[in-house]
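Protein chains: 2
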Amino acid sequence: MASKSAELLSRMAAGDGHGENSSYFDGWKAYDKNPFHLQDNPDGVIQMGLAENQLSLDLIEEWSKAHPEASICTAEGASQFKRIANFQDYHGLPEFRQAMAQFMGQVRGWKARFDPDRVVMSGGATGAQETLAFCLANPGEAFLVPTPYYPGFDRDCCWRSGVKLLPIECHSSNDFKITREAVVSAYESARSNGVRVKGILITNPSNPLGTTADRATLAMLATFATEHRVHLICDEIYAGSVFAKPEYVSIAEVIEHDVPGVVDRDLIHIAYSLSKDFGLPGFRVGIVYSYNDAVVSCARKMSSFGLVSSQTQLFLAKMLGDEEFMARFLGESARRLAARHELFTSGLREVGIGCLGGNAGLFTWMDLRGMLREKTAEAELELWRVIIRKVKLNVSPGTSFRCREPGWFRVCHANMDDETMGVALDRIRLFVRQHQQQKAKARRWAARGQLHLSLQRHGAMPSQYHALSSPMAALLSPQSPLVHAAS
Amino acid sequence: MASKSAELLSRMAAGDGHGENSSYFDGWKAYDKNPFHLQDNPDGVIQMGLAENQLSLDLIEEWSKAHPEASICTAEGASQFKRIANFQDYHGLPEFRQAMAQFMGQVRGWKARFDPDRVVMSGGATGAQETLAFCLANPGEAFLVPTPYYPGFDRDCCWRSGVKLLPIECHSSNDFKITREAVVSAYESARSNGVRVKGILITNPSNPLGTTADRATLAMLATFATEHRVHLICDEIYAGSVFAKPEYVSIAEVIEHDVPGVVDRDLIHIAYSLSKDFGLPGFRVGIVYSYNDAVVSCARKMSSFGLVSSQTQLFLAKMLGDEEFMARFLGESARRLAARHELFTSGLREVGIGCLGGNAGLFTWMDLRGMLREKTAEAELELWRVIIRKVKLNVSPGTSFRCREPGWFRVCHANMDDETMGVALDRIRLFVRQHQQQKAKARRWAARGQLHLSLQRHGAMPSQYHALSSPMAALLSPQSPLVHAAS
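In order, the protein sequence lines correspond to chains A and B.
Counting from 1, one number per residue, gives the positions in the first sequence under the numbering used here.
Counting from 1, one number per residue, gives the positions in the second sequence under the numbering used here.
Be a bit skeptical, because a hint or two may be false.
To be verified - DSSO-like mimics (lysine-lysine), calculated; alpha carbons at most 27 Å apart, straight line:
no., chain 1, residue 1, chain 2, residue 2
1, A, K82, B, K439
2, B, K318, B, K375
3, A, K82, B, K318
4, B, K318, B, K111
5, A, K29, A, K390
6, A, K318, A, K392
7, A, K390, A, K375
8, B, K439, B, K392
9, B, K65, A, K65
10, A, K33, A, K390
11, A, K82, B, K164
12, B, K33, B, K392
13, A, K318, B, K164
14, B, K111, B, K177
15, B, K177, A, K318
16, B, K390, B, K318
17, A, K29, A, K111
18, B, K177, B, K164
19, A, K111, A, K390
20, A, K318, A, K375
21, B, K318, B, K65
22, B, K82, A, K65
23, B, K441, B, K375
24, B, K29, A, K164
25, A, K65, B, K318
26, A, K392, A, K441
27, B, K441, B, K390
28, A, K82, A, K65
29, B, K82, A, K33
30, B, K375, B, K177
31, A, K318, B, K111
32, B, K111, A, K82
33, B, K439, A, K392
34, B, K390, B, K33
35, A, K82, B, K390
36, B, K392, A, K29
37, B, K29, B, K390
To be verified - Pairwise CB distance ranges, derived in the manner of DEER restraints:
no., chain 1, residue 1, chain 2, residue 2, range
38, B, P139, A, R373, 45 to 53 Å
39, B, D426, A, E332, 23 to 31 Å
40, B, R229, A, H91, 52 to 60 Å
No lab work stands behind these hints, which were simulated from the structure alone.
Since we're looking at a predicted model, the values are computed, not measured.
C-beta atoms are modelled at their ideal positions from N, C-alpha and C, and glycine is treated no differently.
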């Protein structure tokens, strides 16, 4: 259109709109072209790249049927139609903010209190992060983000607000925990490059790790933020998806019980959403919750660009306000998530595949380091392509989460039924076993290779030998049309 | 928060989040403090500053009750709950885009066709304008906007995207029509000030004028845009609120029947919404419709920040897709708007107050030039404060729409019932009559003033004479507590 600066357009071109980078997008395309269906397309690609929660929607559907007054489109709720349809206050329906504040406390085990007047609406967590980036930083300034991190942040923080995201490098050696040393190192590195750091952005529970931050880590981050006058943005959109010990600790709890003065609350901001914990991404409910009055005021003004539909606000006001149902929902949802997580990780263990010990979220951080040809990002993507094309599972490679340590994959397991999960597990196990056999075979070939190598020197090397020297290549059988497409 | 650039914060501070300027906001505060209610607060302020359509919501409510399948919260629609709640494709529900494209044609009398693949969702018209500003211009570049214009554009185009809005001056002498001379003058003026013009932004039907642009004007604008390689953004959010001749002409119709090659369609963009024509601002439905593929692609990516709730998408897909109901609705809505407009303008005519001849929208552009103390913006605001405080009608002064010609007021008349409208009319008529009496009295005083003037020269002038020399001041009786607040 020759209208937008080249820089902005290139920022956007780097993403696919799902907020993911291009390699991630390839997986989506593979899925979209050939989606799995238990009966209709049992050889299709199974979508394991989508952090979607389908496990407990039946509870919400039941609640909805039992509460017609929560809808303006029922005989019981129609008297509210005019008020709701015409409602345009960007502060939101008072009952919605009240119920949301109450629920935000409930989902955190009542260990922190939330003020309805600090609840600001936005278009999903996407909108919440964008709003915070806009409010807290100018273009070219940076947020530090522990790796691996949700790649959608590149869209949310960078596309419009022009914020840079700089990695805080985390490692498997300590289960990817955020250390003060890593934070200091990232901070100093930015400063030595002349980049002004404006905040630290974490997800807790972590996407993609599926782990929760401990109290000491959160206290360290809040203290660091106070000392260095940078903001701490906590994305807590999986707060209601913690299914095992250790118990969830929100930054809200940490600062509430903090000795006054140690942490500057004006620097603390929370993003929340109902897309993950409830499986309601279509409803586009994002929340900015800030302890800083100026940010609340700024974010509320910006919220005009992404308010929640009043029809949806009313429904949620009634549902979130039903404390008893919410308690039942959270308990049952946690049980179902735990069961699914156990089914998946124990299934992987059968073939010797490990995962990071997770206690939250809708995914598992799967360790396939042992299956890499070599410890490089290229080898990870090579393995990933095989998984997409041959195993037909759309998982997400660690590189798409900016993980520097090759061989990790995020696998979503809450967006399907048990039967599909069974098929997915069977496919992974078959793949791993084939790979193990292939590896053993390759070792034998390699041993023979000593002989071939001398033959090759004399011009007697069979050409297919090279193609088979990688176990991945061996799995892409020449019969597969996908091989052709890949070349 | 010491985080955002001073320039950005000041851009935002200039608005109140309703997207209006501060004088406009004062009127809202007066209303909020003391809102009129027919029984409970008959002396309160009547809200005539809100372009809200309450006249035909009963038709939608009835349709809704007759179509429970359009809601996921009814027994008839619950089977769709999971699909809809979990829907997160930023392209939107296919049935929503299809129905919206169909309706956009229907509302324009089927004289233009709309392609569902060019329908991009956004958070209300607010979000649509913001998205277009972001896609089409860089910070510091300008859109030309005919005056008077909707002040919300200052929020939509400027707050985040940093676009400048430069006036195309229009005048009452030709009923505020946009002339090529005025466009050229604004364009040349911008260029001579070193500002790059990227587009022309019009509202058609016009807010605040309540008039529609004719075919020749639209063709002139499209041709100018093509010649000068600037975009033409047509805000058509009142397209379904045209209630009288001349028939509505959309830019879509103009370019569809344009001789190919005269107008570059890549430069044409439409913003639409359901907030005004249906009275559904709470639903946050904005549409970007562009003839430019790159803009469609960019806007769709940006739409992640302001998608329409899938619950609302489904409801609207069903309703907009009901062509027969839509025809009935549009016809009945136009009849009711026409009746209300006639009631209001004829009521004003009784006391000699004229209005710009309007045929569309939810408001009237009322001419109170004859009541100004002098032809200045200050005098307009002085009169406006009296209307707010004494007459207790929250109307909007022309200055808040950047009208350079003092004495015009936008009065919204579709956001109340007939009884309230009757009270509002009675108040205006009483005020005008009092003012006319006061003016006559002042003229008598002035005649006597010739005498007094000579007396004053001798130190014999009564002090209250000065206070009464303005008819406005006379209306602010010393008994009114508002006078005190105003001082």
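Going down the list of hints, with the structure as the test:
1. A:K82 with B:K439: violated (43 Å)
2. B:K318 with B:K375: Given that 27 Å is the threshold and the Cα spacing comes to 52 Å, the pair is violated.
3. A:K82 with B:K318: Status holds; Cα separation ~19 Å.
4. B:K318 with B:K111: holds (23 Å)
5. A:K29 with A:K390: holds (15 Å)
6. A:K318 with A:K392: violated (41 Å)
7. A:K390 with A:K375: holds (21 Å)
8. B:K439 with B:K392: holds (21 Å)
9. B:K65 with A:K65: Judged against 27 Å, a Cα distance of about 16 Å means the pair holds.
10. A:K33 with A:K390: Holds, at about 14 Å.
11. A:K82 with B:K164: violated (37 Å)
12. B:K33 with B:K392: holds (12 Å)
13. A:K318 with B:K164: Distance of about 42 Å is beyond 27 Å: violated.
14. B:K111 with B:K177: holds (23 Å)
15. B:K177 with A:K318: With a Cα-Cα distance of about 49 Å, the restraint between K177 (chain B) and K318 (chain A) is violated, given a limit of 27 Å.
16. B:K390 with B:K318: violated (47 Å)
17. A:K29 with A:K111: violated (43 Å)
18. B:K177 with B:K164: Measuring from Cα to Cα gives roughly 22 Å; hence the hint holds.
19. A:K111 with A:K390: Violated, because 47 Å separates the two Cα atoms, which is more than 27 Å.
20. A:K318 with A:K375: violated (52 Å)
21. B:K318 with B:K65: holds (13 Å)
22. B:K82 with A:K65: Within the cut-off at roughly 13 Å; holds.
23. B:K441 with B:K375: holds (21 Å)
24. B:K29 with A:K164: violated (40 Å)
25. A:K65 with B:K318: Roughly 20 Å separates the two Cα atoms, so the pair holds.
26. A:K392 with A:K441: holds (23 Å)
27. B:K441 with B:K390: holds (19 Å)
28. A:K82 with A:K65: holds (22 Å)
29. B:K82 with A:K33: holds (22 Å)
30. B:K375 with B:K177: holds (21 Å)
31. A:K318 with B:K111: violated (44 Å)
32. B:K111 with A:K82: violated (31 Å)
33. B:K439 with A:K392: violated (85 Å)
34. B:K390 with B:K33: holds (14 Å)
35. A:K82 with B:K390: It is violated: about 30 Å lies between the C-alpha atoms, which goes past 27 Å.
36. B:K392 with A:K29: violated (60 Å)
37. B:K29 with B:K390: holds (15 Å)
38. B:P139 with A:R373: 45 to 53 Å: holds (47 Å)
39. B:D426 with A:E332: 23 to 31 Å: With a Cβ separation near 60 Å, D426 (chain B) and E332 (chain A) fall outside 23 to 31 Å, so the hint is violated.
40. B:R229 with A:H91: 52 to 60 Å: violated (42 Å)
Taken one by one, the earlier hints fail for this structure at numbers 1, 2, 6, 11, 13, 15, 16, 17, 19, 20, 24, 31, 32, 33, 35, 36, 39, 40, listed in ascending order.
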